[in-house]
Structure formats: structure tokens, C-alpha cells
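Engineer: Take a look at the letters that make up each chain.
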Amino acid sequence: MNGTTGNGIAIDVKGLTKSFGGREVVHDLSMQVKRGSIYGFLGPNGSGKTTTIRMLCGLLTPDSGEGTCLGYDIRRDAERIKRQVGYMTQRFSLYQDLSVRENLEFVARLYGLRDARAAARDMISRLGLSGREEQLAGELSGGWKQRLALGACTLPNPQLLLLDEPTAGVDPKARRDFWNEIHALAADGLTVLVSTHYMDEAERCHEIAYIAYGHLLAHGTVDEVIAKSALTTYTVTGEDLNGLAAELAGKPGIDMVAPFGTSLHVSGRDVAALEATIAPWREKSGLHWQKSSPSLEDVFIELMSRSRDNFQ
Amino acid sequence: MSTVDQPFPTHEIRERFGFWKRSYAMLLKEFIQLRRDRVSFAMIIIIPVMQLLLFGYAINTTPHNLPSAVLIQEDSDLARSVLKALENTAYFRFLYEVHDVDDFDNLLKSGKVLFGVEIPRGFERAVRRGDKPALLVAADATDPVAASAALGSLGMVVQTALKHDLYIGAPPEMPFEIRAHARYNPAASSSLNIVPGLVGTILTMTMLIFTALSVTREVERGTMESLLSMPIKPVEVMFGKIIPYVLVGFVQAFLIIGIGVGLFGVPVLGNLVLLALLSTLFITTNLSIGYTISTVVQNQLQAMQMSMMFFLPSILLSGFMFPFAGMPAWAQYLGEGLPLTHYLRIVRAIMLKGATMQNLRYDALALAVLMLIAMTIAVTRFRRTLD
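Which chain is which? The protein sequence lines are A and B, in order. Using the UniProt record's numbering, the letters of the first sequence correspond one by one to residues 1 to 312. Using the UniProt record's numbering, the letters of the second sequence correspond one by one to residues 1 to 387.
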């Protein structure tokens, strides 16, 4: 029923490359996503996340590379993939001038659900949108729009959800509800690939991949990605951290200096060089230094600045 | 390498010439946008040039080479001379020579000819006897401009021609009488011509624009991405977007014809069911063309411009504004490619002449062919991916 690979892999692609107007947006990207897992897709704006997602669901044809999505060839079987994949676009792409119910019924009918009205009605109550059925989608708040969009793409019971920055511009409470919903869906066996900017969301994924400038730079569980980074981080608290940051920036062994509220994260890949450089400041009174494990954000920012040097 | 928050750089703000600088920046921006929007850019040039060319060359209210038929009931030298004289005026071109009244009537009714000249039995003998026999000229006056100009010229032209041909010395007066019969529109009332024409013209404009915007609107509102990620086929999208407007067009046609009959006293001599059927065909053809435009353009502005580019020749070259038969051959060929041309013939023939499907099958077929061509292009052009 779901193509040839029954081995628990939902997405299996190798060497995906895509250029627009001579600019390579995705370069030689390979990834595997296990069935039933939540796979986080991270990276800065314009890193190729959306392009990759669009290639996975047949909206874009890769220039080169191959692979399968739910066991179907992403080049040849785009139409079959579309039937089993729910794609939630980055920009709200339901009809603003249609009501909640009309949008859901439209989707249900497009996928050929037997009783479109009943399917829409059930989804409305599941989404907690009862009482708002007749409201125009364009009049919903950001959080409700996003819930509606998620409802629309889960309506035809897909095997795989592709969510492109679903929580951008949504308040924390709605974000938390949304993630609870995603975990509930994954528990039902649905595979979810979700792109995001938020670190707390990355930490809610089973596995993550980091992509920058079209290159997949790191992937694995959160702990694996942090471990693989081989980054040493010191957290500094005290006075005049801004001055310290300016002084440390660019010194040998210092790959990254980033303020976090009342503290400053100083990180580097070369532990010896890092410690040699910071030694004079460690003696300084009024500053408190503590060696800590890097946060996911430290790792990503470091990956990003490194990749900028390599690819730009 | 490191990312440290720097204070925002501040620059001195100079207020002098601010208005001009901002205006210039705006102008530059607009110009760059326009330059990248090639269709819009081309339209700026194409529309005035096209108008100039069309008005300058194609539009000719003096008819010439009007397709004509002759009903010959007597084959005499004089009859030949009269015909030759008529043809020499360049107003008429005799395409058919028939001997039967029914054939003659059918040619006029189907619109194959706009003029018919009937030479009665015993014509030459009657002329020589000085009986002033009648030479019947039947004109399809559903298009009064074409008909009246040609009719008006008849008397003079024939008389001058015959002076040289028939007599030594000019006859004191016309040796025979030309009896002109403006068929279908005896009062040469232009509302009879214009109301049916308006049905076609208004339908062309509204139908085109409805569908021309349909696909681009989806693209611009971002809904196309979601639509394409769902399992729907291009043909389905097309029909889904065309069919609702068939009804809209039908209501429009009904209104225009209703007002035409009610206020202008335009008759509907033919079969209403036939009119409704062929109108539906015409509406669908226009919607398909609009939809095709929609699949080709990048945004709504381009869609509007391209619709206008199609609409303008439709008005000018279809026989709505100017007599079709008066246009040069190349313009007539272009006109044959426009649905409005065929529909105008259909709607005028059904309403004013009571024509039947038999008379109109060529125009109906032409509409169907144009519709299929448009739909084929639309379906193949529809982008199934965002590539």
C-alpha cells in the first residue's frame, strides 16, 4: 500500500540539488526520516528548508538526486505522494475568503473523502473551532489560522506531515498546544517533518537536521548534534559583559561570543586556544566564569557562522 | 566570525532635496519593477501601436468585395453587362451564380453572401422595349452600414457602366429600375444590428476577465501552493474555474437580449433554444481563452493587459463596429480567429433572420474548435509544480 520500503523509513533521499536562476539553493542533500518520528528541520532564513520540503512533496523537481517519500519515487510518483502527504505551507495558503468549514470541506472533497461534511465537522470539533465554523479563514487570529491549516493537512489522514515553519508568529500558548498536537499525531504513527527557527521546538523533536546555505551540516538527536559539535562553552556573568564581548571577539580560539540575558556565552572548538585566550579575564574580579555544555543555539550559531565562511 | 550586538550605526540625516531624492528612489524602483515585468512593458508599446494600426488600416466603412450572389433567370448579354458593371465597382464580388430562388435565399440567410442580385426573366427584352423592368437587389441589412453604402452607390454605377456598354448616346434616363430590398432590417435600424452585437461584445469582455484572473489570483494569494500540493489535476482545476461562469454568462446574455427585445424592439425570429445553446458554446469558448491567459501570465496586472489585448481586436475585427466584409483580407483572416466574429454572425442570424442550425454550422464549428484549442493550451500550460 505504501510503496516498496516497508522498513520503517518515511523519507529517504540522496544528493538532492536544486538551483534557481543559476543560484544553488539546495546542495547535495541526503536525509533519512524514520516513520513515526518528529524530525526537526533547522536553519537560517533562505537556507533551503522550504525548497527541500517542496521537493519532498513533488512541488519542485530536483535538478539532480533521487529518493523516495513513503516508498514512492519523488520524481515519478509525485501524484501518489500528494495523496498521502499533508503539506502545511509557510504562508497561510487556505482561502481567506472561505469560512473554516468551507475550507475543510474543500480539502476533504479534493482528497475524495467520502463524507466531506462529516469529516469537516469532526475536524472542527477536534481543533476546538466549534462555534467558529462560519467565520472566514481570513478573519481568524494567527494561532487559529495555524490550527486550521494543520487541521486541513491532517484531514485526509496522511502518512507524512510536512510543516514549513508552522509556528512562526504564533504566541507561546498556541505554540505549546500545537506541539502537543504534533506529538499526539506522531504517537498515532504519523511521520512529521517540521521546519522551525525556535530552539525549544528543536528540542521537542526526536531528531533534527541543520541546514545552512543549502548544505546539511549536522543531523541526529539533539544530544548527538551537541556532542558532535566539539564546542567548548564558558558562561560568564558579571559586570560590563558588552565590553568583554567586544574585547574577546575575533581573538584566537574564540569562535563565538553571544550574550544570553545577564550572561555571556564564549565558545570555541579549540579548547586549548580558547582557554589560553580567556585566561587573563578569568583572573579579573567581578567576572564569574563557568565551563558549561553548549546549548543547541550555541551549536547552530557556530555552525552557521562557520558555514558562512565556507560557502559564501 | 563572532556575533556581538553592536549599537546601530547612526548617520547624519540631510533634509535638503529630500522630496526629490525620495521621488527619484521611487521612480527608479518603479522603473526597475516595470523593466522586469516584461509583459507589462511590452503592453505599453503594443497597445497604442496596435490601436493606431487597426484604426489606420483595417477599419474601412466603405465596403468592397462584398460577397454576393446572382440569381439568373435569364442569360442575356445585357444581364452579363450589368453584372460586370456591378463587379467593376469593386463593391461586389460574385461568388455564387444560382438559378433557383431557394438557393438564393439560403445563401443570404446563412450569411455566405451579403448581397444578391436577381435578374428576372425577359429582362433584356423589356429594357429594349423601354419598359423599365426591375433589377432586384437584395441586401442583408442586419449590418446597415455595409448594406446602405453599397445600395446607395448602385444606381449611379450601373447607369454609367451601361452608357458605354449598351447604347450609342446616353439614354435620357435609367433604362431599368433598381429595386433594392433591404432584407431582415428594412428600416436599416442600427439598434437591430447593435443589440445582438452587444451580447457578444459584453460577454467577451466579462468572461475573459473572470477567468483571466483566476489562476494568477491563486498564485498571488499564495493559495496555489497548497492547491498544487493536493491531488488535483490541471483539467479539473480548469473546469472548476470555468463552469461557474458559464452560468454567469448565461444570465448576462439573457439580460441583454431581454432588454434588447423589451426596449429596442429587436425581434428574435429564430429558435430560442438554439440561441441559448450556441450562446453557451460562445461563453465557454471565451472562458477557456481567459483561463488560457491566466495560465500564461505571471500576475493579475498582466492578465488584465492580455485580456485587453484580446478584447480590442475582438471589437474592431469581428464586425461589431465596422462591416466585416469591408476589411482587408488579412484583417478578415484575423477576424475569423476570434470567437466574437462567429458569435456575431450566429446571434444576428438567429435573432434577425431566424436562421437555423443548418445555416450556422460553420460558425458553431469554428467556436467549438477555438474552444478546444484554448482548453488544450490551458491544460498543457498549467504549471503542476512551482518550478
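One or more of the hints may lead you astray.
[Said to hold, decoys possible] Computed footprint of chain B on chain A, listed as stretches where at least three residues anywhere in the stretch have a Cβ under 8 Å from a Cβ of chain B:
1. 72–86
2. 89–96
[What the hints assert, rightly or not] Heads up, incomplete: computed chain B residues facing chain A, CB under 8 Å, no partners named:
3. Thr206
4. Ile232
5. Thr385
Treat the hints as calculated values from the structure; they're not laboratory data. Values in this document were obtained by computation on a predicted structure and should not be read as measured data. Glycine included, each C-beta is placed from N, C-alpha and C at the ideal position.
Engineer: Broken hints, numbered, in rising order?
Structural biologist: 3
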